[in-house]
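> Chains as they are written, first to last, in my numbering: chain A, 1 to 458; chain B, 1 to 458; chain C, 1 to 458; chain D, 1 to 458.
Please note: incorrect hints may appear among the correct ones.
One copy or any two copies: either way a pair holds, since identical chains are not told apart in the list.
Stated by the list, open to error - Calculated lysine-lysine pairs in the DSBU-like style (CA-CA distance at most 30 Å, straight line): (1) K169 <-> K449; (2) K150 <-> K394; (3) K151 <-> K340; (4) K223 <-> K342; (5) K394 <-> K66; (6) K41 <-> K117; (7) K56 <-> K225; (8) K449 <-> K371; (9) K169 <-> K358; (10) K155 <-> K142; (11) K340 <-> K296; (12) K435 <-> K449; (13) K167 <-> K358; (14) K296 <-> K273; (15) K358 <-> K225; (16) K395 <-> K409; (17) K117 <-> K151; (18) K331 <-> K56; (19) K452 <-> K189.
Derived by calculation from the structure, the hints in this document are not laboratory data.
Protein chains: 4
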Amino acid sequence: MGGVIGIEGRKDAAGLVHVGLLTLQHRGQESCGIAVKEKGKDVFNYFTVNGLVLGKFTGDVLEKLKGENAVGHVRYPTSGSKSGILDAQPFIFKSAHGNIAIALSGNIINTTEVRDKLAKEGAIFQHSSETELIVHLIAREKLPIENALKKALAKIEGGYAAVMLFKNKLIGFRDPRGLRPLVLGKLGKSFVLASESPAVEVLGGHYIRDVKPGELIVVENGKLKSTFYAKPAARQNCIFETVYISRPDTLIRGMSVAQARMAMGAKLALQMKGIKADIVMPVPDSGFFAALGFSKASGIPFEMGFVRNHYMGRSFLRTTQHMREIVAKLKLFPISDIIKGKDIILVDDSIVRGTQSKKIINTLREYGARKIHFAVTSPEIIAPCFYGVNTPSKKELIAATHTHDEIVKEIGVDSLTFITIDNAAEACGGNEGAKGFCSACFTGKYPTKISKSTLEAR
Amino acid sequence: MGGVIGIEGRKDAAGLVHVGLLTLQHRGQESCGIAVKEKGKDVFNYFTVNGLVLGKFTGDVLEKLKGENAVGHVRYPTSGSKSGILDAQPFIFKSAHGNIAIALSGNIINTTEVRDKLAKEGAIFQHSSETELIVHLIAREKLPIENALKKALAKIEGGYAAVMLFKNKLIGFRDPRGLRPLVLGKLGKSFVLASESPAVEVLGGHYIRDVKPGELIVVENGKLKSTFYAKPAARQNCIFETVYISRPDTLIRGMSVAQARMAMGAKLALQMKGIKADIVMPVPDSGFFAALGFSKASGIPFEMGFVRNHYMGRSFLRTTQHMREIVAKLKLFPISDIIKGKDIILVDDSIVRGTQSKKIINTLREYGARKIHFAVTSPEIIAPCFYGVNTPSKKELIAATHTHDEIVKEIGVDSLTFITIDNAAEACGGNEGAKGFCSACFTGKYPTKISKSTLEAR
Amino acid sequence: MGGVIGIEGRKDAAGLVHVGLLTLQHRGQESCGIAVKEKGKDVFNYFTVNGLVLGKFTGDVLEKLKGENAVGHVRYPTSGSKSGILDAQPFIFKSAHGNIAIALSGNIINTTEVRDKLAKEGAIFQHSSETELIVHLIAREKLPIENALKKALAKIEGGYAAVMLFKNKLIGFRDPRGLRPLVLGKLGKSFVLASESPAVEVLGGHYIRDVKPGELIVVENGKLKSTFYAKPAARQNCIFETVYISRPDTLIRGMSVAQARMAMGAKLALQMKGIKADIVMPVPDSGFFAALGFSKASGIPFEMGFVRNHYMGRSFLRTTQHMREIVAKLKLFPISDIIKGKDIILVDDSIVRGTQSKKIINTLREYGARKIHFAVTSPEIIAPCFYGVNTPSKKELIAATHTHDEIVKEIGVDSLTFITIDNAAEACGGNEGAKGFCSACFTGKYPTKISKSTLEAR
Amino acid sequence: MGGVIGIEGRKDAAGLVHVGLLTLQHRGQESCGIAVKEKGKDVFNYFTVNGLVLGKFTGDVLEKLKGENAVGHVRYPTSGSKSGILDAQPFIFKSAHGNIAIALSGNIINTTEVRDKLAKEGAIFQHSSETELIVHLIAREKLPIENALKKALAKIEGGYAAVMLFKNKLIGFRDPRGLRPLVLGKLGKSFVLASESPAVEVLGGHYIRDVKPGELIVVENGKLKSTFYAKPAARQNCIFETVYISRPDTLIRGMSVAQARMAMGAKLALQMKGIKADIVMPVPDSGFFAALGFSKASGIPFEMGFVRNHYMGRSFLRTTQHMREIVAKLKLFPISDIIKGKDIILVDDSIVRGTQSKKIINTLREYGARKIHFAVTSPEIIAPCFYGVNTPSKKELIAATHTHDEIVKEIGVDSLTFITIDNAAEACGGNEGAKGFCSACFTGKYPTKISKSTLEAR
């Protein structure tokens, strides 16, 4: 995933991008960064750092990030396994065009082919990230920047959204299938581009519309120019953005993610009509809205049987077996008098490897749950994603390697229901209806060519 | 508040106390610390640090915290305004008895009197915290440690719970009114003392019982001795532990806090019987369980109209007015299509100054809420607490300075309902019924003498 | 050792003390701290930190250290083996007298007796340092502060110098024998107290005089009052202050330490009259001035055969034997074409364990030195110091356990000459002549009583 | 300047390079880094960091730096004004040849031309350093790496020395004029390349010879291959390496720098034959060895009138004018009783802007010096350096803008003597005699073409 934000023509550009990144933090915790450009100066002020946004951009740092145009990034390591501070975006490049700052979320799938071709022509590479490729491709075109960028983008395939600074321009673009999200918003007279709408709203701005698949947006001196660098292919929005990546308050297809998830819960309630239970409860926070929707549609009371511990992190001692077991339990704490003796419909957003679900279900059993019916708001995941969602390889996906009955047995539930692909699409369709979703991870049918080597690498 | 935990006779004592402190983090974020004692050595290994528990007790640190008996503390600054690292507990003292490590949560109300008397006798003080007083009082008694401690505790008044290490003993005690909580649990053959039950359960242990008001517990070599240092006064449990301090999964009077809060919501639903609304929604996370209870009792659908941003903190730039406004909004994000055009019953746990409530209600109005009926699960707070809850002075308490109608107007709601004292007590009573709660903050009638100077200081 | 500085009546008091501490850094690298008092406020602003002064007192920190009176400290761990941040001075105490900040360098020898007595009376202790004892003793006296302090100091024995803040006073005192140094200086209208004179001069101030043994100085509102809390005992200045502790530019007895060391070198040249050599060279930096004095007195050319590496520290990898050998060499690098084939007079300030000297002499041999005559500007050290110099126990002192010939053989020199006690005293006597030095470490005759237990602890 | 070191075929390669960097620290304090390659793996393990070497390469870091071949770098910012962590070397690149790690000290003077040409061909740049250019030039050649490197180096001009890792090779090269130093050494069976000889000796290895101007050295599996990529131009060693850059124990032309500096002092003594004085003293540490040589040649006694404060740094408060004056004095402390009433010959290595000299001379006057004759071991500096020595622009050079008499007046001395170019060359000539030095900074005659734009930029 990863998240991006850019703003044009604000004196407090870095401060605003900083706040925007805080609202996009869930899209990437590996590293973060901001690059800013002052009008009339041809250098960027920038700061990148490993880890969370909070606490890194101190007053001292923000004071140095002077300039009216700014882009920011939060990184989630999708490709490029060995990552370090050198992979923290935005990246800054000098080229014959001039200086460029770029931040990209998502994934490019023909990286190897493009990189090999460039290397043969004498290019050198310093990042494990593929974002560098785009700048190489731009630099090789002697056209004006926008045309150079269009030619460059025509050579890459994938699911991505990016923001760029060049001279006095803020530039944004989204992949031709719309796999990764990018929205356009406005704050006063300034345009804002961001991965999710709350990053605009938190600033006091408002959402205008989604950037369209294959659209290239250039903002300069408060004026916006929209062109397309690719014929819009059949739209292929990533349904996982709604299922679990995005914030509940993010608007996708004109509807909040919270509403879409409640609708998925309601669809599951229909699918599971015959099943009786005392309570519906979510795996927090991922299954929350779906469980609420299920409860309303079914009439089965909604309960919160787990407390999620938000102070937890990954950085502590697991020297003994006892300690390892403790740590596994730290994030979700059961409330015994809610669970004990109940027939439960447990709602979560997905089953990937199945290990996490198994642990949670074990804990419920320990605390006295009677029957457990597991309702899942994504269909069976049977194939890896190459467009920026960090699913593991096929052989690790439980639904790719086990039958339905085997999964039921493995994770230890009384019944298991996955939402159907159609129901998921209907629930998430919003103002554009049930069409135009990528379903590669449920079907193994990818919307782009995937090279054999890429496929086999998973 | 603050939180404490102690364990006796485990080789991994520091590691266990560390995990326990993570589950008590909500009771104090100012500083934290662990002190450990190795059998047969008369020094403590200890580490105290400002800020959150997470990330501070690295492998290197825990490795040095060798020993079988350990106590830990999370600090919330109730008294002693200017605090620094010197105030981080546990404190370590040398005395004629030997070395003592102590950690105390809560508040002692006759600090000034005791300190003045001790100072006149030549005592010197290094901490702003009152915990030091107890050790001074112990050190002045030539009796065996337990008797010395009893005599010391007889001289102080307040609401507190503490754990101590002395020679091979783990010692715990709770104030004679039971104002602050302390529970006894067991992990294998080892006894555990902690402010809340989940700190025992997370370790794989189980809750045995509450430490009784005025009880002094001494554990040595796996054996527990219980005596009383004060005649149990009329029990005066702090109802705010249930209303908002404790975790939802904590057991108080044999019932989970989550259940008690749902019961309070149900009581409020009865109090507000005539009021019509489209949805019930909580201020997250504080009003969550009460809103759920309200919804069930009233039949009005439960909705989650706010997203709470858990990545937020306090440490960032507010240089401009615009930035200050943004920051105010960062923690709670409204979901517009849930709120818009609705008549809402909004549920929260308390109104203290009223400013926070006012902001939230304003936001709801901005996002299109029609009517807002505010339901609050604590009665009107009209008097400060001197027993460890950090309420402000009387003149800052909105319910102490405004009539009901003035509050309604000030915070901008259509109606406002506080739970009655009796309903709150009934809902929170658990296996001991509606009696035995301190209601000082609702009535101004304090269970102990409060010196004039202390009263006036507020 | 350790070092102290105090200043009264300057708006930039903390900044000045900070710079003063930088010039006293050689007296202690363990921790450092500054405490400041604002007129009319009865609290101290203070900051203590482990490690070197440089880089710790940032603009942010110094800005908070508001006030006109300030004291500072650099700590060298003489007693109190397990030290932590809690032992970083200045210490801050509350007592019946009021608030006190105190910083002390040196050592108190009857710590155990005083502490035991105080503990029996009910005192409690939080620091491993003995500085706390003085405050306990003050607090027990109901007299005005100065009288209380005098009575307190009458109860302790040792070699020390201290600065204190109390109300609007800056207080300083020096042990009755003058074992540890303290000077009085003036900066504009403000008095300054410091362990060494350059700490005054660097501020643009000037040295007035040494604080006298047993003198108590109180400065308030620019006025100085001097009294004595002890009959001046026979003066017993520590000759090691001149031999190696103090800076070369420090004035002791009206003479720079550099001049005294050159005079010691000249005395050694006389003692070694018959010995022939090509060059005189120092062990840098400790033997530098003595070697220069030796060269002038003897006519043998001075050379610098070693480069001292000032970027080195202690914090690096010694995993292999090869690495350990490398690290041993890192601090002193020989210059081969200066050493090769030469008969050398090597000058250093002292031989303690002998291991360091042995390494250096080995290196000289490796690089082709022919003969090595070792000249040492302190007499044989045969007894530990209890007054603040960190010499090891008797059994580790090579001169206490080996004959002259055995030392010559052990460290591998052709001849070895220690300065005589009389020559050392004459060279260091300055404007007070050869009398009044403590020679305990050379003779084992201590100027104070030393309890059997203290003696045996070494 | 900057410094480099590389080693081939040692299991503890990173640890050794780390120690080597400590001995090269004086060549660059801006940033440092180490890159290591494990045999049979085609990735580098590397770590770069801002600031000093000491304390950065902890056990944890070194443990990750596995591999048998390693290169290291300390950076001094000669070009590329705005530098950040991205400019810390070694740089790591991917290219069609494979992965390359490179570290370069010195300066390339046709950077702009080469960069513009590459940019026109589509290259992009990420560092302000010119080291990146070499890798671009290599990557564009389809020849084997050594040939590609030779073709690349033929296109650049400047004074530099570099080390590289590629596959299992350690590669080193030095500019065709030998402006910047690089030596070849051996440690057991392993070859070492380093900027100065002590970096080899500290490891227990020994100096073999200087790398020759225009020489390309490739070491693989313990075997060394030497070729030349440029006809050796007329040798042009930078005399400033001897005058002030290098360590005193570094061997240049077979002689220690200490000896060469003493010889320069002796030459100056001859030049100043008629001048009478009581003492000769250096500006420490830069004038130390020359002052010693002057004393021996002239018979005027050597004295050390300044103490240099090694704990000082740049990072502290200068809020007031008084503070600014204090800080200026902090590094050098005068010893009054050495200076007072003396006629002094003061020796230093150079006068650049003259401001530093002026301050020192002022201080001597304040402390009572009578006459001051200033002897300088470099000729008048009248032109900037473009080969890696960080001299300022012409208009800031006092000797370029003032007559001799004006300088005497400006800095406030009684007489001023610069060493002659011939005397300097003779003193520094070592085993190769007085020829083959670059004297551009004394004459303005540069050994290479300097483009008009480069010249004008200064």
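> If a hint holds in the structure, say so; if it does not, say that too.
Against the structure, the hints come out as follows:
Taking the shortest alpha-carbon separations for K169 and K449, neither the intra-copy value of 33 Å nor the inter-copy value of 39 Å comes in at or below 30 Å. Taking the closest pair of Cα atoms, K150 and K394 never come within 30 Å of each other, the shortest separation being 34 Å inside a single copy and 47 Å across copies. Taking CA atoms no more than 30 Å apart as the test, K151 paired with K340 passes in neither setting, with 62 Å inside one copy and 44 Å between copies. Neither within a single protomer nor between protomers do K223 and K342 lie at most 30 Å apart by alpha-carbon distance, with minima of 60 Å and 37 Å respectively.
For a Cα distance limit of 30 Å, the shortest separation of K394 from K66 qualifies neither inside one copy, at 46 Å, nor across copies, at 32 Å. Taking the shortest Cα distances, K41 and K117 sit within 30 Å of each other only across copies (23 Å), while inside one copy they are farther apart (34 Å). Proximity of K56 to K225 under the C-alpha cut-off of 30 Å is found in neither arrangement, the shortest distances being 34 Å within a copy and 49 Å between copies. With identical chains, the CA atoms of K449 and K371 are never at most 30 Å apart, being 44 Å at best within one copy and 54 Å at best between copies.
When the C-alpha separation of K169 and K358 is checked against a cutoff of 30 Å, the pair qualifies neither within a copy, at 50 Å, nor between copies, at 41 Å. For a Cα distance limit of 30 Å, the shortest separation of K155 from K142 qualifies both inside one copy, at 16 Å, and across copies, at 24 Å. For the identical chains of this complex, K340 and K296 are neighbours both inside a copy (23 Å) and across copies (19 Å), given an alpha-carbon limit of 30 Å. Within a single copy, K435 and K449 get their C-alpha atoms as close as 21 Å, which meets the 30 Å cut-off; across copies the closest is 67 Å, which misses it.
Taking the shortest alpha-carbon separations for K167 and K358, neither the intra-copy value of 53 Å nor the inter-copy value of 44 Å comes in at or below 30 Å. Taking CA atoms no more than 30 Å apart as the test, K296 paired with K273 passes in both settings, with 13 Å inside one copy and 21 Å between copies. For the homomeric pair K358 and K225, neither the shortest alpha-carbon distance inside one copy (51 Å) nor that between copies (41 Å) is at most 30 Å. Within a single copy, K395 and K409 get their C-alpha atoms as close as 18 Å, which meets the 30 Å cut-off; across copies the closest is 62 Å, which misses it.
Taking the shortest Cα distances, K117 and K151 sit within 30 Å of each other both inside one copy (16 Å) and across copies (22 Å). Taking the closest pair of Cα atoms, K331 and K56 come within 30 Å of each other both inside a single copy (25 Å) and across two copies (18 Å). Taking CA atoms no more than 30 Å apart as the test, K452 paired with K189 passes in neither setting, with 48 Å inside one copy and 46 Å between copies.
When the structure is compared with the earlier hints, violations turn up for hints 1, 2, 3, 4, 5, 7, 8, 9, 13, 15 and 19 and for no others.
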